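A.B. asks: Those sequence lines, one after another, are chains A and B.
Going letter by letter, the first sequence gives residues 8 to 119 in our numbering.
Going letter by letter, the second sequence gives residues 209 to 319 in our numbering.
Worth double-checking, as some hints may not be accurate.
[To be verified] Simulated DEER-style distance windows between Cβ atoms:
{"id": "1", "chain 1": "A", "residue 1": "Gln24", "chain 2": "B", "residue 2": "Lys276", "range": "42 to 52 Å"}
{"id": "2", "chain 1": "A", "residue 1": "Glu79", "chain 2": "B", "residue 2": "Gln222", "range": "46 to 56 Å"}
{"id": "3", "chain 1": "A", "residue 1": "Gly23", "chain 2": "B", "residue 2": "Ile261", "range": "49 to 59 Å"}
Since the hints were made in silico from the structure, they are not lab data.
These figures come from a predicted structure and were not determined experimentally.
Cβ coordinates follow ideal geometry from the N, Cα and C atoms, glycine included.
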Amino acid sequence: NAGVMQNPRHLVRRRGQEARLRCSPMKGHSHVYWYRQLPEEGLKFMVYLQKENIIDESGMPKERFSAEFPKEGPSILRIQQVVRGDSAAYFCASSAANTEAFFGQGTRLTVV
Amino acid sequence: DQQVKQNSPSLSVQEGRISILNCDYTNSMFDYFLWYKKYPAEGPTFLISISSIKDKNEDGRFTVFLNKSAKHLSLHIVPSQPGDSAVYFCAARKAGYALNFGKGTSLLVTP
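Produce the complete structure using the sequences and hints provided.
C.D. replies: Structural data, given as structure tokens:
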């Protein structure tokens with residue numbers, strides 16, 4: 008049973024480009040969470056999704072950021088028109104209902 | 209607003225001694241609390257959890273204590289080992305919501 012898989016591990020984008028981060032949850036998990044870790048900061052909640060539904064997106068910036076978790080396939084965090092301040096480590100976690108969440112290895116986004 | 213607070217950014221402990229990491233929270237609706245351990249360039253790893261109906265949970269060298277009246281929990285590691293050196297995140301959740309994390313405490317266990 009593979010763990011939470013995130014890809015790519017490292018992503019470099021120029022300012023203004025789009026970044027797509029993928030997350031495949033653990034088998035049997037239908038809850039996905041995205042977190043962002045900025046340098047010297049803790050883990051900041053961004054969005055919580057279940058299959059085809061956004062449950063809580065209170066941590067998502069209002070513009071340029073979107074997330075989806077389709078019926079088939081991985082969850083995608085999409086950042087349009089990236090800026091230098093978007094450079095961070097983005098972690099995805101998955102869980103079954105009301106259990107502990109397991110994290111992927113993260114995607115380190117660098118905007119140049 | 210930061211609902212889960214880890215007020216000590218770092219802690220240094222000698223090998224073999226006890227490490228005590230502390231965490232405070234503000235939301236009385238939280239009913240599930242967890243500790244994660246994180247090494248550089250890796251994702252957080254689940255360590256131990258406790259439900260709000262309990263005040264203690266033990267797993268090997270790791271014990272989590274919950275004091276609901278004080279809205280405080282702590283992680284005890286005994287005996288501490290050099291391999292325990294990592295950043296420890298406290299997290300809390302109310303049912304149906306995502307985990308809220310503290311900013312982490314960096315633990316260094318020295319030989």
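A.B. asks: It remains to establish, for every hint, whether it holds in the given structure.
C.D. replies: Right, here's what the structure says about each hint:
1. Gln24(A) <-> Lys276(B): 42 to 52 Å: holds, 48 Å
2. Glu79(A) <-> Gln222(B): 46 to 56 Å: Distance hint for Glu79(A), Gln222(B) holds at roughly 52 Å.
3. Gly23(A) <-> Ile261(B): 49 to 59 Å: Holds, at about 51 Å.
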